[in-house]
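A.B. asks: Now for the letters of each chain:
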Amino acid sequence: MDELRRHILKSGGGAALALLLGAGLLRPTRVLAANWNAPAFESKDVAGALRGLGAGAAQAQASADLKLDAPEIAENGAVVPLEIVSKIPNTSAIAVLIEKNPQPLAGHFEFSGPLLPQVSLRVKMAETSMVRVLALAGGKYYSSSKEIKVTAGGCGG
Amino acid sequence: MADPMKIRARLAGDVADLRVLMAHPMETGQRKDARSGQPIPPHFIQKFSIALNGTHVLEAQTGMAVSRNPVFGFKLAGIKAGDKFTITWTDNHGETRSDETVVA
Amino acid sequence: MSIRISVAICALLLGLPCAPALADDAALRTALEAARRDFEARGPAGLDRLDLDAVQTVCNRWANNPPSELQSLLQAEQLAAVKYPEGGNYLGDWKKGEALAQSGRGLTWSDGAKVATGGNCYNCHELASTELAYGTLGPSLARYGQRRGRSPDLLRYTWAKIYNAKASSLCSNMPRFGHSGALGEAQIRHIMAYLFDPQSPVNR
Amino acid sequence: MKPSSRKTGRRAQKLLRAGAAVAAALAVAGAGAGQPTAAETQAEIERYRAMLAEDNPAELYAARGEELWNTPRGPKQAALAGCDLGLGPGVVAGAYAQTPRWFADAGRVMDIEARLAWCMETLQGFSAADIAARPFGSEDHKSDMEALVAYVVTASRGYPIAPSQKLPQERAAYALGKSLFALRAGPYDFSCQTCHSQDGKRIRLQELPNLTRREDVRRAYTGWPAYRVSQGEFRTMQWRINDCFRQQRFPQPKYLSETVNALITYLAVEATGATYNGPAMKR
Chain X
80 MDELRRHILK
90 SGGGAALALL
100 LGAGLLRPTR
110 VLAANWNAPA
120 FESKDVAGAL
130 RGLGAGAAQA
140 QASADLKLDA
150 PEIAENGAVV
160 PLEIVSKIPN
170 TSAIAVLIEK
180 NPQPLAGHFE
190 FSGPLLPQVS
200 LRVKMAETSM
210 VRVLALAGGK
220 YYSSSKEIKV
230 TAGGCGG
Chain A
118 MADPMKIRAR
128 LAGDVADLRV
138 LMAHPMETGQ
148 RKDARSGQPI
158 PPHFIQKFSI
168 ALNGTHVLEA
178 QTGMAVSRNP
188 VFGFKLAGIK
198 AGDKFTITWT
208 DNHGETRSDE
218 TVVA
Chain P
84 MSIRISVAIC
94 ALLLGLPCAP
104 ALADDAALRT
114 ALEAARRDFE
124 ARGPAGLDRL
134 DLDAVQTVCN
144 RWANNPPSEL
154 QSLLQAEQLA
164 AVKYPEGGNY
174 LGDWKKGEAL
184 AQSGRGLTWS
194 DGAKVATGGN
204 CYNCHELAST
214 ELAYGTLGPS
224 LARYGQRRGR
234 SPDLLRYTWA
244 KIYNAKASSL
254 CSNMPRFGHS
264 GALGEAQIRH
274 IMAYLFDPQS
284 PVNR
Chain Z
1382 MKPSSRKTGR
1392 RAQKLLRAGA
1402 AVAAALAVAG
1412 AGAGQPTAAE
1422 TQAEIERYRA
1432 MLAEDNPAEL
1442 YAARGEELWN
1452 TPRGPKQAAL
1462 AGCDLGLGPG
1472 VVAGAYAQTP
1482 RWFADAGRVM
1492 DIEARLAWCM
1502 ETLQGFSAAD
1512 IAARPFGSED
1522 HKSDMEALVA
1532 YVVTASRGYP
1542 IAPSQKLPQE
1552 RAAYALGKSL
1562 FALRAGPYDF
1572 SCQTCHSQDG
1582 KRIRLQELPN
1592 LTRREDVRRA
1602 YTGWPAYRVS
1612 QGEFRTMQWR
1622 INDCFRQQRF
1632 PQPKYLSETV
1642 NALITYLAVE
1652 ATGATYNGPA
1662 MKR
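Protein chains in written order, with the working numbering: chain X, 80 to 236; chain A, 118 to 221; chain P, 84 to 287; chain Z, 1382 to 1664.
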């Protein structure tokens, strides 16, 4: 995402990266991969995570074409399966946020080429929470969310 | 050394269902060791990529919320037998692991 | 504690083969011998946990279905040992009771001595309608106070049930929380409040 | 990588079952309003399990176990190729399904884990004390034994469970296991039976197999050893029995002891004839 790249360019090592970019030595996606987006992933709230992703200001539009398939009740918060499929044309990235986790942002996926804009993954959930997914398509953000209840296990572990 | 990934690519028509299992503790840094009571330092995969025949098609970044021994699934169109997937992850210790599979 | 007394009582009064029966019962004897050889103390879980008391001995020996005379005798003995709360003050704080009902921790070798022992209630019982993850080994206790009221008899009965379930049903699956010392008087009062308090989610 | 049609079949079955449960739940109650009903909760839990069923991290452990099996290790720098799991030296396929059984060279009834330990001791020169020191993996400790067991049991997928009961020692192990299963003790008066002798019961949301009924034993036993989701670890039967005693508030059974092997024998014999289908994913 552009704002993310701007952020990286502003932070440490930016000058060298800009130089390499200018020289065409690195593809932009490689630059992104070389730098874990700490401000977004380490944010303790959703707003901060969105800002870190560069989606802070943008008003995400709820979309039925962005589907989050997950059980409404998880037997164990240590492993909660999620399947996210975007039918929104030109989807280039999907982000997954678990609102009540100590650090809400769980993953960010950038798609290109023949990779379809969908992903399945398994996440930890600290407690019952809304799970929000965000898709970037044609410069606009779309969102979809679902509450997943996390239940207590037997025998006190 | 990190254990190898398990990568499975199943073809239905020209759409590949790509599943990957990674061996990684995915420690959040928020837990305490049951024996010593000391916090267990964070240790988790921060990013991974998928390349199809050498060209990157996915750049992913992950947080500590991804479950232990991560499992990811993707779908790709226009795939044929003989295509090669290379998956590479890097964790917060800088450790990295790359494995590949050829579509049968 | 009371194993010798009980064994003596049932041997003398009922003419039943209590302790000798255990010695004659090859399967139980072999199992105990193997356990004493193959288990080791760890953390708070010492080998003394393999020393059976009268209730355990009898329930083991008769596969949880002892002769009725023996059952009545031992139940009476267990009931006589129930300690009721000071001043008939049965009800504590339901919020603390809820935390206890939710907790299944305590007394395992991995818990360590500092871990507070929970009431384990939700492992086996349905209680508040808001808690989806409840067990079914025990009966549903949903709306317990609302359905049954709060008569002194019921308070006393319920207290005894939590304190020592074996006082009313000798080989019940339910632990003897008070009798074994797993829960103290204050904790049982909190769990009682969770069951009876009109404000408790059990009754809402 | 082998395509796994059996796995796909299993998943389809699970999804079908989950689908049926969802339909039942919807029939029972209007969905959505307020707290989910017990049936709705169950249906969602089934869906949760179905979504997890396809990719089992146990495969990662099995791959590492295979590597360990073939690598010369220990003071004697030997691989386990000479290890006789009961079907002859080096034969892994189907061997797990025929354990526990009597091993004349060791003079004991052994489960698969005890046998692997025997091979590590006799062929590779590891000390019994080292093997037993930390057999179960945790966040800071990878267990070689768990990986080896994952490899060996995976090689019994599709084989019928068939522990031998020909010898008196094998029958004695079964009888002892059966007695231990019923032994009530400890501060909570628990035995294995307390939780595992009735139909259709559960602790919290976890269904409890009635292990006094063959049908349930078969279903439970053919899924173990298993990947435990709650712990993010592959777990063996020795671990399973050990952790049951922990929750029973008993002292700890010694690793590979006669008591644990007897309980595994009891379950294996009750499961005789069922097809091994593990390692499964468990909560």
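Just so you know, not all the hints are guaranteed correct.
Stated by the list, open to error - Computed cross-link-like contacts, DMTMM-like style, restricted to lysine to aspartate or glutamate with a CA-CA straight-line distance of at most 25 Å: (1) X/179 / P/134; (2) X/179 / A/144; (3) Z/1582 / X/151; (4) P/197 / Z/1525; (5) P/178 / X/121; (6) X/225 / P/116; (7) A/149 / X/124; (8) P/197 / A/150; (9) A/201 / A/134; (10) Z/1559 / P/136; (11) A/149 / X/121; (12) X/179 / X/148; (13) Z/1523 / A/134; (14) X/179 / A/150; (15) Z/1559 / P/116; (16) P/179 / P/236; (17) X/166 / A/134; (18) X/123 / A/150; (19) P/197 / Z/1588; (20) Z/1523 / A/216; (21) A/149 / X/151; (22) A/149 / Z/1596; (23) X/219 / X/151; (24) P/179 / X/151; (25) P/197 / Z/1520; (26) Z/1559 / P/236; (27) X/146 / A/134; (28) X/228 / Z/1521; (29) P/166 / P/214; (30) X/225 / X/121; (31) Z/1635 / P/214; (32) X/228 / P/214; (33) Z/1559 / P/214; (34) Z/1635 / P/123; (35) A/149 / Z/1520; (36) A/192 / X/121.
Said to hold, decoys possible - To give an idea of the chain X side of the interface with chain P (calculated C-beta under 10 Å), a few residues: (37) 121; (38) 125; (39) 228; (40) 230.
No wet-lab data here; the hints were simulated from the structure. Just so it is clear, CB atoms sit at the ideal spot from N, CA and C, and this is done for glycine as well.
A.B. asks: If a hint holds in the structure, say so; if it doesn't, say that too.
C.D. replies: Comparing the hints with the structure gives:
1. X/179 / P/134: violated, 47 Å
2. X/179 / A/144: holds, 18 Å
3. Z/1582 / X/151: Answer holds: residue 1582 of chain Z to residue 151 of chain X is near 22 Å, not above 25 Å.
4. P/197 / Z/1525: violated, 32 Å
5. P/178 / X/121: violated, 34 Å
6. X/225 / P/116: This hinted pair is violated, its Cα atoms lying about 55 Å apart.
7. A/149 / X/124: holds, 23 Å
8. P/197 / A/150: holds, 15 Å
9. A/201 / A/134: Within the cut-off at roughly 13 Å; holds.
10. Z/1559 / P/136: The given pair, whose Cα atoms are some 21 Å apart, holds under the 25 Å limit.
11. A/149 / X/121: holds, 19 Å
12. X/179 / X/148: holds, 19 Å
13. Z/1523 / A/134: violated, 31 Å
14. X/179 / A/150: holds, 23 Å
15. Z/1559 / P/116: holds, 14 Å
16. P/179 / P/236: It holds: about 24 Å lies between the C-alpha atoms, which stays within 25 Å.
17. X/166 / A/134: Roughly 17 Å separates the two Cα atoms, so the pair holds.
18. X/123 / A/150: The given pair, whose Cα atoms are some 23 Å apart, holds under the 25 Å limit.
19. P/197 / Z/1588: The hint is violated at about 30 Å.
20. Z/1523 / A/216: holds, 21 Å
21. A/149 / X/151: Cα-Cα ~29 Å, so violated.
22. A/149 / Z/1596: This hinted pair is violated, its Cα atoms lying about 40 Å apart.
23. X/219 / X/151: violated, 28 Å
24. P/179 / X/151: violated, 29 Å
25. P/197 / Z/1520: With a Cα-Cα distance of about 22 Å, the restraint between residue 197 of chain P and residue 1520 of chain Z holds, given a limit of 25 Å.
26. Z/1559 / P/236: Measuring from Cα to Cα gives roughly 42 Å; hence the hint is violated.
27. X/146 / A/134: Cα-Cα ~18 Å, so holds.
28. X/228 / Z/1521: Outside the cut-off at roughly 30 Å; violated.
29. P/166 / P/214: Violated, at roughly 31 Å.
30. X/225 / X/121: holds, 22 Å
31. Z/1635 / P/214: violated, 37 Å
32. X/228 / P/214: holds, 11 Å
33. Z/1559 / P/214: violated, 36 Å
34. Z/1635 / P/123: With a Cα-Cα distance of about 7 Å, the restraint between residue 1635 of chain Z and residue 123 of chain P holds, given a limit of 25 Å.
35. A/149 / Z/1520: holds, 10 Å
36. A/192 / X/121: At roughly 29 Å apart (the allowed maximum being 25 Å), residue 121 of chain X and residue 192 of chain A break the hint.
37. 121: With Cβ-Cβ at 31 Å, over 10 Å, it is violated.
38. 125: violated, 25 Å
39. 228: Hint on residue 228 of chain X: holds, closest Cβ of chain P at ~7 Å, below 10 Å.
40. 230: Interface hint status for residue 230 of chain X: holds (4 Å vs cutoff 10 Å).
In this structure, the hints that do not hold are numbers 1, 4, 5, 6, 13, 19, 21, 22, 23, 24, 26, 28, 29, 31, 33, 36, 37, 38, in rising order.
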